[in-house]
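Student: Sequence:
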Amino acid sequence: MLLVDGKIAEGAAATAYGWVQSIREQKTITFVILMENREPLQLVIKDKRLARKVKVHASIMVKGRVAMTERAPRGYEIHVEEISVLNKPRKIPPFDIMAKEEPSIDVRLDYRPVDLRRPSSMAVFKIRARALQLFREYLVNNGFIEVNTPKIIATASEGGSALFPVMYYDRQAFLAQSPQLYKEELTMAFERVFEIGPIFRAEQSRTMKHLSEATSLDVEAAFLSNEEIMDLIEGMVKHVIKGLNSEPQLFAALKAKPPALPERFPRFTYSEIIEKLKGLGEDIAFGDDLTQKSLEEFGNMAGGFYFITEWPAKLKPFYIMPKENGLTSSFDLMYMGLELASGGQRIHDPVMLRKSIKEHGLPVSSFKFHITPYYYGMPPHGGFGLGVDRFIMVLTDRKNIREVVLYPRDLRRLVP
RNA sequence: GCCCAGGUAGUAUAGAGGCCUAGUAUGCGGCGCUGUCACCGCCGUGACCCGGGUUCAAAUCCCGGCCUGGGCGCCA
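Residues in the first sequence are numbered consecutively from 324, following the numbering used here.
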């Protein structure tokens with residue numbers, strides 16, 4: 324918090340509240356970087372006795388005079404006349420937030436709020452917040468309404484991934500792995516909906532790109548074809564990246580830039596990719612899922628963003644619209660070897676939906692609640708789910724998904 | 001779930017049977033220092049994950065435990 328008498332100008336009286344990021348002490352003058360509202364403010368202290376009161380990480384209030392100077396990060400600094408220490412650290416900090424070498428991600432997470440004072444950590448979450456704002460901006464501008472669907476559910480929404488069981492009063496319930504079914508149902512009334520919220524997966528995964536609790540951006544729209552949905556997500560990704568590119572200062576503390584955008588994201592069919600990988604000597608056949616290794620290999624060739632389209636029905640969930648030859652109107656949005664989003668056109672006919680549930684080996688009875696509204700005029704629709712955390716990894720060039728989540732949850736970590 | 005790797009001051013690392021009284025950087029404490037900006041210089045402080053074993057000798061080798069990291073698989 325910064326309070327200035329009148330405008331920020333030479334000699335103006337100022338009061339600043341913040342926490343001390345760094346101290347550079349010299350014989351007669353001490354420079355302090357005070358973090359004030361997430362931005363550095365340089366303090367100049369010429370009184371040795373005053374300077375002694377300041378410690379890194381302390382919360383302080385200073386009173387003084389504004390001095391305009393190009394040598395300070397903001398173009399001005401505060402010449403301090405009075406300091407009150409509001410609170411000071413009681414222990415030696417677990418790591419030096421200004422050091423060039425970072426502690427392991429595990430130590431950082433053990434002291435996450437302290438770690439967030441590190442400029443690069445803070446930058447990641449400023450970018451994340453801005454990216455979410457840009458997502459919303461794009462979707463709202465395109466006629467979407469933001470919704471919230473339940474996270475405590477009665478049965479698996481689509482089979483496949485393992486669910487976390489929870490007790491719901493005297494019954495068994497689960498944490499939602501996806502808002503998939505709800506968002507589809509909502510197109511009936513709202514035409515275009517989106518939700519940004521948590522998803523839960525109880526997979527025994529130990530990787531740099533999986534979490535037990537992740538954030539998903541789910542979008543669903545009536546009347547759009549598979550191609551139009553790909554256009555939509557492509558437009559959305561471009562909007563976010565262009566928006567971030569216009570604010571380079573967000574990236575200053577990271578040695579990274581948002582990824583480059585091609586004119587158009589290339590679209591490869593699943594079959595093309597299988598053929599290509601076969602040509603490279605991969606042991607892979609039509610109908611196989613693409614392994615991590617194959618995706619890395621193909622991703623390196625494709626470079627940047629691209630789509631994989633027309634997946635075999637067997638590799639996609641029951642609600643995806645089938646095409647001829649056992650293929651589907653579906654896509655995955657990839658960045659190199661990393662899956663960012665998957666989506667497609669959905670089945671809107673209740674009879675076909677019922678059949679597809681059966682064919683995927685799922686109990687129709689569990690989906691009765693979901694099939695019911697389809698009998699009352701569900702519009703043709705499609706959409707996608709995008710892994711927000713993974714997208715932020717790409718934006719900030721972080722290799723471990725835990726870095727872009729404030730308090731990540733994985734196989735081992737439940738605290739803090 | 002399978003496989004691999006690793007636990008050395010607060011943090012990040014070096015050391016691979018005796019050269020270790022365990023080195024370096026940073027932090028922390030002190031002193032010095034042309035408005036600094038990862039300030040700089042000097043001095044000090046502080047560590048071998050736990051339990052067994054092998055050996056004249058173990059941070060180092062072996063066994064077990066605990067903890068962690070990474071890869072694969074699983075996975076909207």
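Don't take every hint at face value.
Once the Cα atoms are required to be at most 27 Å apart in a straight line, the calculated BS3-like pairs of lysine-lysine come out as [to be verified]: (1) Lys-616 <-> Lys-580; (2) Lys-423 <-> Lys-578; (3) Lys-350 <-> Lys-423; (4) Lys-378 <-> Lys-449; (5) Lys-637 <-> Lys-601; (6) Lys-565 <-> Lys-601; (7) Lys-449 <-> Lys-532; (8) Lys-601 <-> Lys-449; (9) Lys-561 <-> Lys-601; (10) Lys-386 <-> Lys-371; (11) Lys-411 <-> Lys-350; (12) Lys-386 <-> Lys-423; (13) Lys-722 <-> Lys-532; (14) Lys-411 <-> Lys-423.
Quick caveat, the hints were computed from the structure, so don't treat them as lab data.
Student: Evaluate each hint against the coordinates.
Tutor: Quick rundown of the hints versus the structure:
{"no.": "1", "hint": "Lys-616 <-> Lys-580", "result": "holds, 26 Å"}
{"no.": "2", "hint": "Lys-423 <-> Lys-578", "result": "holds, 12 Å"}
{"no.": "3", "hint": "Lys-350 <-> Lys-423", "result": "holds, 26 Å"}
{"no.": "4", "hint": "Lys-378 <-> Lys-449", "result": "holds, 26 Å"}
{"no.": "5", "hint": "Lys-637 <-> Lys-601", "result": "holds, 20 Å"}
{"no.": "6", "hint": "Lys-565 <-> Lys-601", "result": "violated, 36 Å"}
{"no.": "7", "hint": "Lys-449 <-> Lys-532", "result": "holds, 20 Å"}
{"no.": "8", "hint": "Lys-601 <-> Lys-449", "result": "violated, 43 Å"}
{"no.": "9", "hint": "Lys-561 <-> Lys-601", "result": "violated, 32 Å"}
{"no.": "10", "hint": "Lys-386 <-> Lys-371", "result": "holds, 16 Å"}
{"no.": "11", "hint": "Lys-411 <-> Lys-350", "result": "holds, 24 Å"}
{"no.": "12", "hint": "Lys-386 <-> Lys-423", "result": "violated, 32 Å"}
{"no.": "13", "hint": "Lys-722 <-> Lys-532", "result": "holds, 8 Å"}
{"no.": "14", "hint": "Lys-411 <-> Lys-423", "result": "holds, 24 Å"}
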